[in-house]
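Asks: Just so we're aligned, residue 20 is where the sequence shown starts under my numbering, counting upward by one.
Just so you know, the hints here were simulated from the structure itself, not pulled from any lab data.
Just so you know, not all the hints are guaranteed correct.
[As the list claims (entries may be wrong)] Simulated restraints, written as ranges between beta carbons of each label pair:
(1) Ala-49 x Lys-463: 22 to 30 Å
(2) Asp-639 x Asp-67: 24 to 32 Å
(3) Asp-203 x Thr-258: 48 to 56 Å
(4) Asp-598 x Asp-373: 29 to 37 Å
(5) Lys-52 x Lys-592: 52 to 60 Å
(6) Ser-234 x Gly-128: 25 to 33 Å
(7) Glu-424 x Ala-448: 33 to 41 Å
(8) Asp-87 x Arg-568: 37 to 45 Å
(9) Arg-85 x Arg-568: 53 to 61 Å
(10) Asp-639 x Lys-579: 18 to 26 Å
(11) Lys-52 x Lys-579: 56 to 64 Å
(12) Pro-427 x Asp-203: 27 to 35 Å
Here the structure is a predicted model, which means the values were calculated and not measured.
For glycine and all other residues, C-beta sits at the position ideal for the given N, C-alpha and C.
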Amino acid sequence: MTYKDVYAEWKSNPEAFWMKAAEAIDWTKAPSKALSELGNDMFEWFADGETNTCYNCVDRHVEAGRGDQAAIIYDSPVTDTKQTITFAELQRDVAAFAGALKAKGIEKGDRVIIYMPMIPQTAVAMLACARLGAIHSVVFGGFAAHELAVRIDDAKPKAIIAASCGIEPGRVVEYKPLLDGAIDLAEHKPEFTVTYQRPQVQASLVEGRDYDWDSVQEGSEPTGCTPVEGNHPAYILYTSGTTGAPKGVVRHTGGHLVALNWTMKNIYNVNPGEVFWAASDVGWVVGHSYIVYGPLIHGNTTVLFEGKPIGTPDASTFWRIISEYDVKSFFTAPTAFRAVKRDDPKVELMKGHDISGLRAIYLAGERADPDTIEWAQRVTGKPIYDHWWQTETGWTIAGMPAGIEELPVKIGSPSVPMPGYDVQILDEAGHPMKAGELGAIAVKLPLPPGTLPTLWNAEDRFRKSYLQQFPGYYETGDAGMIDEDGYLYIMARTDDVINVAGHRLSTGAMEEVLAGHPDVAECAVVGVADSFKGQLPMGFVCLTTGVNRDHSEIAAECVKRVRDQIGPVAAFKLCTVVDRLPKTRSGKILRRTMASIADGQEFKMPATIDDPAILDEISDAVKTLGYPKA
């Protein structure tokens with residue numbers, strides 16, 4: 020079947036399509052139907068079925084005779100550690116830790132916060148919660164105490180599972196003092212904590228409240244899997260809201276299993292037993308969906324990587340891991356490739372690493388600029404597939420259905436909507452727009468299985484955030500267009516479409532032009548206030564390693580490129596060279612914060628920022644452009 024056949028099959032009978040997909044999941048009680056309508060644009064999937072996430076990720080593969088297959092490959096250049104864990108070993112470890120949590124009173128429906136780095140024990144903790152029907156909420160290890168406290172008060176966990184530290188290039192981040200500080204700040208207090216003591220740091224434990232990972236398991240019995248309803252929350256994952264308050268995205272069990280299993284072959288084109296690698300972190304949605312759950316549900320071997328694309332030890336790391344473990348499908352963020360390109364533009368460090376087994380590279384998490392995609396295509400000789408989704412959706416809205424049909428790649432587009440997503444471009448009044456017209460991207464309800472049914476204890480906020488703007492649709496918050504062939508283009512966040520003297524312009528389109536400059540490794544464009552034109556674009560460019568030219572010359576060339584390729588209507592004249600851009604730990608550029616600095620507005624320090632000191636550098640850079648205006 021072609022992509023169009025599969026998409027048409029879904030659209031003509033969504034119920035039958037998803038019930039067929041659900042047959043690949045092991046249920047203790049099969050669902051009688053796929054979709055349940057709750058009224059007022061609220062929906063649930065496979066609600067009356069019963070299953071268990073951990074059973075589908077681990078036990079069923081052991082029972083099928085594949086216990087000796089590698090489930091997790093742990094590769095940690097920051098600690099010089101490599102470890103392969105089979106499905107049988109994973110079952111043993113998860114059942115033991117789940118038994119320890121059960122002995123401490125954790126049961127179905129309890130919340131457990133997990134505050135850990137990229138180590139196998141993190142996956143074990145997540146799967147142990149799923150085994151018991153407990154609802155986990157993973158918080159990125161090293162998050163500030165205040166931000167962790169906010170999540171403790173929202174989720175109200177019975178327990179918190181942590182590690183003693185995380186390892187960053189050149190430094191060790193102690194987690195336990197941050198956790199202790201968060202518990203002190205939070206109004207809700209967990210009944211107990213469990214800390215995995217890493218060799219680098221031995222954390223001090225509070226007697227009567229804190230337990231050691233190993234000692235807590237002594238004397239407890241391994242436990243089996245607790246069946247839960249299809250609409251039972253598997254986890255809560257917090258994403259930053261526009262107000263600064265975190266939004267707890269809920270993921271229901273049944274739809275999560277069905278959707279992720281479907282994606283592994285149809286989108287990522289891997290077969291059970293093959294190695295899949297998502298170079299992300301378990302603190303993010305990519306880590307939930309495609310480091311832990313998706314690959315294991317489907318019976319793939321997943322790579323758990325504790326390191327960076329550069330600096331651990333150098334820009335050869337991606338190629339080494341792909342070669343060493345025969346990775347078939349690789350998923351990372353565009354910013355990772357920009358870092359590799361900046362350090363090793365001619366990929367001389369790829370020599371000696373055989374990546375011939377790799378089928379394709381998938382990019383997501385931020386806009387993939389054409390220059391980075393073209394470079395990656397050229398140096399790897401592999402298809403580079405941009406694809407687009409969100410924390411809220413949990414899996415691809417638009418992408419390349421490589422396991423169904425390899426469609427032509429259109430650089431600048433994440434390709435086509437996946438089955439389950441009826442994607443529309445709407446004007447401000449909610450009317451559908453024509454092909455090629457820029458508007459708000461929305462998805463006609465219901466959203467498919469695996470997407471958020473609501474926010475944790477915040478249904479009103481869920482409606483206001485996603486359903487209120489366009490009744491009958493999920494508002495993505497992104498702006499873009501669909502071309503004559505049905506390919507989607509994500510131009511910017513809705514609030515990144517700037518209005519210059521009445522012209523609606525995409526900052527993303529300007530970034531594509533800047534990224535095409537031969538000396539530019541990375542860039543960002545933001546809209547700043549202007550008393551005459553309403554808004555003006557301001558560009559920030561980072562240079563490729565080794566470029567030693569006058570910065571003002573490069574900035575002038577960048578201005579000329581935008582004027583030549585987009586036109587004088589863009590009014591692009593503000594451009595400066597910076598050493599680096601402020602980003603989240605997942606690699607997203609903090610454009611809104613940069614715009615606030617340029618406009619002289621107060622802003623809340625983003626909880627996910629990788630290095631707050633960069634904001635001072637941005638402030639200095641905008642001053643050279645005469646901003647903020649008095």
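Asks: Evaluate each hint against the coordinates.
Replies: Results for each hint:
no. : hint                          : result
1   : Ala-49 x Lys-463: 22 to 30 Å  : holds, 28 Å
2   : Asp-639 x Asp-67: 24 to 32 Å  : violated, 59 Å
3   : Asp-203 x Thr-258: 48 to 56 Å : violated, 25 Å
4   : Asp-598 x Asp-373: 29 to 37 Å : holds, 35 Å
5   : Lys-52 x Lys-592: 52 to 60 Å  : holds, 58 Å
6   : Ser-234 x Gly-128: 25 to 33 Å : holds, 26 Å
7   : Glu-424 x Ala-448: 33 to 41 Å : holds, 36 Å
8   : Asp-87 x Arg-568: 37 to 45 Å  : violated, 56 Å
9   : Arg-85 x Arg-568: 53 to 61 Å  : holds, 56 Å
10  : Asp-639 x Lys-579: 18 to 26 Å : holds, 25 Å
11  : Lys-52 x Lys-579: 56 to 64 Å  : holds, 60 Å
12  : Pro-427 x Asp-203: 27 to 35 Å : violated, 56 Å
The structure shown violates the earlier hints numbered 2, 3, 8 and 12.
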